[in-house]
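A.B. asks: Respectively, the protein sequence lines represent chains A and B. Following my numbering, the numbering of the first sequence begins with 1 at its first residue and continues without gaps. Following my numbering, the numbering of the second sequence begins with 1 at its first residue and continues without gaps.
Hints are computed from structural coordinates only; laboratory data are not their basis. These numbers come from a predicted model, not from an experiment. Do not rely on the hints blindly, as some may be mistaken.
Stated by the list, open to error - Among chain B residues calculated to face chain A with C-beta under 10 angstroms, some are:
| hint | residue |
| --- | --- |
| 1 | 52 |
| 2 | 107 |
| 3 | 175 |
| 4 | 176 |
| 5 | 177 |
| 6 | 179 |
What the hints assert, rightly or not - Calculated from the model, a selection of chain B residues having no Cβ within reach of chain A, i.e. all distances over 12 angstroms:
| hint | residue |
| --- | --- |
| 7 | 42 |
| 8 | 56 |
| 9 | 61 |
| 10 | 131 |
| 11 | 136 |
All residues carry an ideal CB built from backbone N, CA and C; glycine is no exception.
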Amino acid sequence: MGIFSDFGKRFQDDWCKNCKAQMYPMTERLYFMPMTVGHYQEQKDPVYYFNKLRPINDVSQIPTGFYACRIKAYRCNGCGQRIAVVKPFLQVRDSVKEEIAVVFKNGELDALLGLQGW
Amino acid sequence: MEQQKIKKVNIVYALLVILIPLIIMIGLLVASVLWIEGDAGIALWSVGIIGGILWFIIGPDQIYRKKRDKRMKELDASGYVRNHTFNADGCTVAVDVAHGKIAMVFKWNPSNCFVLPANRITNVWVDDGKMLGGTRRVSFLFIVDGVKVRVNTFTSNRSWGMQSNYVLEALSKADMMIERLQAAYQTAQAQGNQYYGN
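Modelling step: build the complete structure from the supplied sequences, incorporating the hints.
C.D. replies: Right, dumping it as C-alpha cells:
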C-alpha cells in the first residue's frame with residue numbers, strides 16, 4: 001500500500017507534492033487565449049496570462065479555432081501550499097484537444113484569480 | 001493578380017516542370033550510354049537518375065512555395081488584408097474578411113493569384129474523410145465560379161482515429177477556415193461586391 005499510494009500521490013494533480021495530503025480546489029476559471037490552432041506555444045511566463053487572457057463564461061464563447069484554458073487553484077490543508085494549474089485546450093466540435101498543463105507554485109496568478117490575501 | 005476564370009492547372013507550366021527535367025535526365029542517360037565510357041559514364045548516369053528523382057520530389061514544391069510567397073507579398077502591397085491564410089500542399093487560400101475577398105494560389109499554376117469577391121462562393125463544407133472510425137485526410141472545400149477547390153488540412157498514409165490530436169487539429173483548422181469564408185461572404189454580400197477590385 002505504502003509504495004503505491006506514495007507513487008499515486010506524487011503524480012496526482014490534486015495531491016500536495018510536499019506533504020502528500022490532498023489539495024482542495026479554491027477556484028476554477030475559464031479564459032479565452034488569443035492563440036489559433038496550429039500556433040499554440042506553451043507559456044510559462046505569468047505575465048502572458050495577465051496581459052492576454054480574457055475571462056469567458058463557457059466554452060460556447062470560444063471562437064472556432066482558438067485556444068482557451070481552465071485555471072484551477074488548489075490549497076493544501078496540511079501545509080498550506082498553494083498551486084495554480086493552467087490547462088490549455090482546443091475545443092473542436094464536441095471534443096477537446098488538451099495541451100500540457102502549466103503549474104505555478106508561488107502564487108504568480110493569485111491576482112488574476114482574485115486570491116490575494118489567502 | 002488575375003481577374004479571369006479560375007484555372008487550377010496551367011498546362012504549359014505543368015508540362016515545362018515535368019518535361020524539361022525529364023528531357024535533361026534522358027539526355028544524360030543517353031550520353032552516358034552512347035558517348036561516355038567507364039566511371040565518368042556511370043557517374044553521369046547516376047547524376048541523371050538521382051537528379052531527376054530529386055527534382056520530381058522537391059522541384060515543383062520549391063517553385064510553388066517561392067512563387068506563393070511572392071504572390072502573397074504582392075497581395076499585401078495591394079492593400080489586401082489577409083485575416084487568415086492557409087497554406088496547403090496543393091493550394092493557398094487567403095481570406096480578407098474586412099473587404100469580403102478571397103485569394104488563391106495553386107501549386108500547378110503558381111504564377112497567378114486569383115482574387116475574387118467572396119460572394120462568388122456558392123458552397124463551403126468540411127470533408128472529414130471518415131471511414132471505419134478513422135481518417136487519412138481532412139479538408140475544407142468550396143465552390144467558387146463553379147470550380148471546386150479542395151484544401152487539405154491533414155493528410156496521412158495511415159488511418160488516424162477521429163479523436164486523435166492530429167485529426168482534431170485538422171478539423172479545427174477546417175472549421176475555422178469555413179467560418180472565415182462565410183464571414184467574408186457575408187461582407188461581400190453586404191457590400192454588393194459583384195466585381196473584382198474597388
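A.B. asks: Now tell me, hint by hint, if it's right for this structure.
C.D. replies: Each hint tested on the structure:
no. : hint : result
1   : 52   : 34 angstroms, violated
2   : 107  : 20 angstroms, violated
3   : 175  : 5 angstroms, holds
4   : 176  : 3 angstroms, holds
5   : 177  : 8 angstroms, holds
6   : 179  : 5 angstroms, holds
7   : 42   : 46 angstroms, holds
8   : 56   : 28 angstroms, holds
9   : 61   : 19 angstroms, holds
10  : 131  : 18 angstroms, holds
11  : 136  : 18 angstroms, holds
Of the numbered hints stated above, those contradicted by the structure are hints 1, 2, listed in ascending order.
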